[in-house]
Every structure is written in structure tokens, then in C-alpha cells.
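Peer 1: Whole structure, please, built from the sequences with the hints as guidance.
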Amino acid sequence: MRRMRMTVAAIAAAGLAAATAACAGDEGDVDGEGDGGGVINMQIGEVRSLIPGGSGESEGYRIIKNVYDGLVYYDIETGEPENLVAEEITSPDNQTWTIKIKDGLTFHNGEPVNADAFIRSWDRTAYAPNALPLNYFFGTFEGYAEMNPDPLPEDQWADPEVPEYPEVATTHLSGVTAVDDLTIEVKLTAPFIGFPTMLGYEAFYPVAEECLADLEACEATPIGNGPFMFEEPYDPQAGGTAVVWEDYAGDKPKIDAVEWHVYLEGDDCWADFLTGDIDICSPSAADYQSAMSDTELAERVIQQPDPSILMLAFPLYDEKFQDVNVRRAISMAIDREGVLNVVGPERFTPLDEWVPESILGGGTNSCGEYCTYDPEAAQELLAQAGGWPEGEPLKIWVNDAADNLDIFRAIGDSISESLGITYELVPMEWTEFLTARENHQLDGPFRSGWGPDYNLNENYLEPIYGGGASVNDQGWENEAYNAKIAEAGAAATLDEAVALYAEAEAILAEDMPSVPVFGENFNFFYTERLDNVEVHPIYAGPRGDCELRTVTITE
Amino acid sequence: MSELTAPVPTTERQASLWSDAFRTMRRRPDVIIATLVLLLVFAMAAFPRLFTDKDPTQCLGREARLRPDTWFTGDHPLGTDAFGCDFAATLVHGTRPTIALALSVIVASVVIGLVLGIYAGYYGGWLDSVISRALDVFVVIPMLMGAILILSLFRGRVSTESLVETIAAPAIALTLFGWMEFCRYTRAATLETKNLDYVIAAKCLGASDRRIMFKHILPNAIVPVTAVVPTTIGGIIVTESALAVLGIGVQPPATSWGVLLSDGTEWAGGGYVYLFAWPLGLLILTVFAFATFGDALRDALDPKLR
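From first to last, the protein sequence lines are chains A and B.
Position one of the first sequence corresponds to residue 183 (our numbering), numbered consecutively onward.
Position one of the second sequence corresponds to residue 44 (our numbering), numbered consecutively onward.
Hints in this document: simulated from the structure, not taken from any laboratory.
Backbone N, C-alpha and C fix where the C-beta goes; we use that ideal spot for every residue, glycine too.
Mixed in with the good hints there might be a few duds.
What the hints assert, rightly or not - Not the full set, but computed from the structure, chain A residues with beta-carbon under 8 Å of chain B: (1) 357; (2) 361; (3) 471; (4) 519; (5) 595.
What the hints assert, rightly or not - The list that follows gives simulated cross-link-like pairs (lysine to any residue, SDA-like), each with its CA atoms no further than 20 Å apart: (6) 577/A - 295/B; (7) 577/A - 205/B; (8) 97/B - 598/A; (9) 577/A - 204/B; (10) 436/A - 710/A; (11) 97/B - 599/A; (12) 97/B - 604/A.
As the list claims (entries may be wrong) - Chain B stretches covered by chain A per the calculated footprint, using a threshold of three residues with CB under 8 Å from any CB of chain A: (13) 116 to 127; (14) 160 to 173; (15) 301 to 314.
Peer 2: Here is the structure:
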């Protein structure tokens, strides 16, 4: 299953020593000779972009996090950020941050990874006319407003899905300055204690000068600073191979290369996994049953809680969903246990909160009775809200990948059974789906998944529901919530901040712009040729993924 | 005195090809069984409520994959499917699209085949050349492959709101690659018949071409075609299933036997064989019935075999 992802990756590196630039790898790398080498075959969906700031979804990020190194990398056990490209990140007041970069690092093409490399990437993403999906990550930076005026009226856009802006003269974030070649100073508009933990995310990765000179070429053959590099262009429809960068300064991966195979629209990797053509795959409900009854296969499974969550979000810009009682009714109409029985009980756990328990500040059960199955109460709430329009089906919008359609059919069946209304599933292609929900073009509840970027409850609140009604996918805005978020950001200690964010979650729960449905579990099966397979709770992509930086091939 | 009497119409039966064939067939036990099976299937398609009082769209997640341990009794006589819908209801309601698709394809194919075949055979000349070459082109493309090509165009654009919308795309694709056999038979029969004395007599009496074709030649030409029809229906049902398994035939959430079979195969490996066995059994039984019926009809209609 795919979902929206925001995560940060950077390469663990003890002593990133000076690296000489070398662009071309050797074809021989891919043959898998030598001990412990080899090519790992991974499944992937359609990626939106391979340049930092342009993806903002799980699939593109899965490649970007291996081709680029960010400032910090999260510890697989604790989720704490550890410096990777950064030497030191400090702030006296949580508002002005000083980032020191390690000396001697370069991109695949030999360009230095210095303060400018980060600043040019951040400027590109924060510049409104570029219309990049991760633009909002810079909303707390000083100077963001100058680069992001209100867009032109919608009828003046050439493409109705891409907003256009009046001429913006400012092309540089005034809050970001290079103190010297390896030091960046960042001024935020308000204190934010979680700032360093954000920095490992894709939005904050560096970009090479050569990349900006020819974006199209860079989109196909990214110029990164991470352990893997592309020698041949990557094709979003067919996939591609990234080899290990010979001159990588950190801990080099134990494998020679990774080949990504693309699965589109409902195609699923399981059949190819069984024949050994894909190394890691997560089965659908039907396949899961037969896989677990195969004793040999059942030994090669990784099952652990996944802090990712699955929600049914409402388009509050549609008048049918403006009454909170309609939203509560739909939530109470979902028999979460029953849906689990359909899609495989081990794959999910019912969820009644917006921040899962495994995340710092989560486990508040903030949704409470409204996330408990109660068809009678649901009908009553719906009646109070004036009922559902006669003869109109409830449209549920889903991206068609893996068994999303099965999961949402079971959810739809349950709503339909409890409330006595008909429903219709509208499957969409991933990138189209993302665009449609970002542009507020849906007229029914839609699938919304979230995986953590960092270990803090704020990450499950602000990126999804913040930014105001015109920005977030739900079109939701609440002043009390905004005030609480601001208060939490300015808190003196992390503990205080966490508690205040939890209060913001409670305000969110009152309004219910989305319905928490499930917390997820990883159920990743891997082939017998792999060893040391680690699934990173923050970095792992859906449908089958592992840490490419540590996995080994044993054949 | 000799009386001249007008010949009294005998009460003896008038031997006609069709009534003879009917008599021959009703004596064969295999035909009786096949007919019963077909009646059952058609009844399921026409009146699903006779067989189940459950709504196939009412699905309770908590009751998903209940095995049919109670055998034909209880709440779920055939258990429930992967989504907790009553499986007996799903199976019965899935019959209508299957049968409606098969029948619409066969009717359309026969009509197209008959008309083109008669025109080609009767007029000959350039019309015959055009139709025969077109036929050659379509004949070399296997039905399944042709249908896959056509249906790929419809992929993702098919609505499943009404029965007509559900089956329209597969019906068009299957008809497009299903009419050739009927055309060939009709053309051959027309060529044979058009020079017979009674046709020439009709022509001399000034009958129009259309009258000769459809009043005089068609009744003869239709005989060889009729014998092929039941077998072809069986073939269409199987092809529909194949398309559904490939994911391009009838599209879920609409059901047909093919869709059920396709869903059932996923679960058979996990130990829910009944989800796969029931649609498969029904499919085999129906195809067998059509084949038996067609075989008997051919024997009965062919005077040489009598």
C-alpha cells in the first residue's frame, strides 16, 4: 500500500572523510561479483520527482533518501536524529539555528556539499512559482511570505492543476544566510523546538548546481550525495538501477546495487516475490493467509508495528461534510474490527487517535467514543445533521495500489450497512490522486495515510492539518488549534511542547476533519538471499522496503 | 359410379425438419439433463429471488469467510465470501450478467453473420470479395486475443451502474471476433441454395431479392448455423471468465462467474476452496450442458446421421 510519506534520511556516517569526486561508476559493479555484493530487487510505485522538494510522497522519497544524504539521520531504535552531513546544530532560543556542515563532502559529480548547496535547494522549494509539493515546510522560515504571494485567480492558470503566481522578485529566503562556506544560519518566524528533527527530511536535502542548471536531466539521473547513484536515467514507468557510489565517505552499503521495479495501478509484487524476482514484498490479505501457512516462508517475515496510520479524511470544502455530526456518524459507522477481519487481522490495529502510541506524545485515545463502532448512535447523529441526500452515493476516493480497493471496499460496506446509504469507490492513479486532493477537487471522503518524518506528535498534526483551509487537503482551519500549535512551538522544553501538541490534538478531535481508522503493522516477507534485513519505522516505504544501507545478500 | 373425392388432409404428421429434430432429441437422456441444467441457470439469471432472499451487496466484515459448514441451510447456505457477503446470493446474482452477456453476444453475432453471409453468397462479385476478405482478417485473430486488445482500450473507463453498462464493453469485444463462423456457414448454405429450382422459380415469379433472400434462402441457411449456436454460447461463457481473470472483462464491483472465479482463486490457496469451487462447478456444468445440447442438435438436424 502506498501512502503519503514525509521522512528524512541521511546517511549514518562515522567520520565522513574527504572524498574525491568520481562520476562514473563501473558497469562491473552491477554483476554482483565479490563477497557479499549483488543486486537487490525492490518494488516501487510511480515516483513524482527525484529532486528534493519535488516528491513529498512515499515512492519518490524511497529513492531520494538513498541517493541523497540529509543533515541528520534517524536512529533505527530510538528515532532520535543523529548528525549525518551536519557537524553540529545549535540554537540559543529555538528560533535562530546555526547548522555546521562536515568538511570535505561532495556530490556524485564532485561539487562540494556546502552551505550554498543547501541554500540553493531550500530557495528552490520555497519559491512559490516553482509550485513544489514540499513548499510549506519553509512556512516557518523568515522571508517565506515574500516568496509566496497569493496565487493568481484560478481561471488564469494555463493548467488548472498547477497554480500560477504573479511575478515574484524575491528568489532567496531572507531568513537563511551562509555565515561561512560550511555554516548556515536559519531564522524562524517563531520558536520551534523540533526544528533539528525536521532537517533529515527530503525538503531539506542539498541540491547540486549542475542539477539546477538542467532540471530535466537531473530528474532522470539525480546528482545526489548519498551512498547510491544512478548511472543510467531512471524511468518512472519502468524503474532503474542505482549502484553504490564508490567514493561515498560514510559506511558503504554491503550490496553492489539496487534495482527498482515499478508496479502501477493495483499491480502487486507478490507473484514476482514468489518467483524470486523481487526481494521484499508485503502480501495482500488473500496472499498473507497462504504465506503464513507456508512454514518455510513464515520464517522470513518481518512483523513489527508501523507508526504509519490510515485515515479517511473529509473534504470540508464540500457542503455535505461541513456538519461535524456527519463526520462523526461516518466514523462511528465503521466497524473497524469487522474490516480487519476482511483485510487480515495481523496487518492493522484499530485506531482511535490521530497520533499513534509509538510516537512521542501519542496514545491519547483522543477520538474515544466517536471512533467506536455504534451503528445506532451513528444513525442518530446523521439524522441530527439532517440525514444524507436521498439517492446520492457516498463517493470514497482511493488511489488504486496494492489492495487499497479491498480495504476501502470493506470500509464502504460497513458504512453502507450501518447508515443505510449506498457508496461508490472511485479509484485513481497515485500521482493524479495526490494532485486532486491537494487541489480540493474531491466530493467525498478520501484515503489519507501518514508515515512519520520524525518521532514527535507534532509531525502527525501540523503537516497534515496546518497551513490553513486553503492549504491542507481537508480544507480545515481552527483558530484555537493554530494558537495551541504556536504555543507548543514556543515551549521551553520538549516535554512541555509534547503536552501542548497533545492538547492541539484534542482540539482536532472535536472537529474531526478526518477519521482515524487503522494503525499499521509491517508484514514484509523477504527472499532467502537476503540477510540483516532491517525495517526502519520512520524510513521504510509501504508494500515492502528495508534499509538498503545495511542489508546484505548472501548467495 | 366412381366418385371423385378431393384428397382429404391426412391426420398424419407433416414431417418437418424441426419437429423431427425435436422428436429425436427428446428421446435422449443426456439432452434432458442438459436442458434441466440450462433451465436452472436461466431461472437463476431471470429470477434470482427464487433462489436466495439475501442481498449480495449487504456485506458484514465480521462475517467474512465463514465456511459453508451448515450445507445449504442456515443463514449462509454457501458460506460468505472474502468481504462477508452471502456467497449463495453473490453466486446467484452473478448469473445474470454472465448469461445476459453470452446471449447478447450470440444474438448480435448470429444477426451480423447471417446478414453478411446471405449478402455475400447471394450477390457474389465484389460484395462477396469484400465480406470474405474481411472475414479472413477477423478469422486469423483469435477471439481471446482480439477481445484483450479491444478491452484494454476500455480499461478504467467502464461504469458498472446498470447491467447494460456492465456488459457492454465485453459484449462488443466478443461480438467483434465472434461473427465469422456464422457468416461462413450462411454464405456456404446460400451459395448452395440459391441455384435450387424453387429459388429460381421464385425469381421467375418476380420476387424481390430481399424476399428471396430472407423468405426462401434464410430458412435453409439457418439450419447449419443453429447447430453451432449452443456450443458457441458455452465458448463465450468460458471466454468471459478468462477475460475476468485477466481483469478486463466484467469489472468489479459488478459480479459475473468469471469475476467470482478470479476472486476465488486468490483465496483457494489460503484454504477457502469453496470460493473457487462453486463458480467453477457452475461454469463447467453450464458449458457442458450447452455443449451436449449443441451436439445433439447437430446430430438431429443432419439428415445424413439419421
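Peer 1: All hints are to be evaluated individually against the structure, with a verdict given for each.
Peer 2: Okay, the hints, checked on the actual structure:
no. : hint          : in the structure
1   : 357           : violated, 46 Å
2   : 361           : violated, 54 Å
3   : 471           : holds, 3 Å
4   : 519           : holds, 7 Å
5   : 595           : holds, 4 Å
6   : 577/A - 295/B : holds, 16 Å
7   : 577/A - 205/B : holds, 17 Å
8   : 97/B - 598/A  : holds, 16 Å
9   : 577/A - 204/B : holds, 14 Å
10  : 436/A - 710/A : holds, 16 Å
11  : 97/B - 599/A  : holds, 14 Å
12  : 97/B - 604/A  : holds, 17 Å
13  : 116 to 127    : holds (count 3)
14  : 160 to 173    : violated (count 0)
15  : 301 to 314    : holds (count 5)
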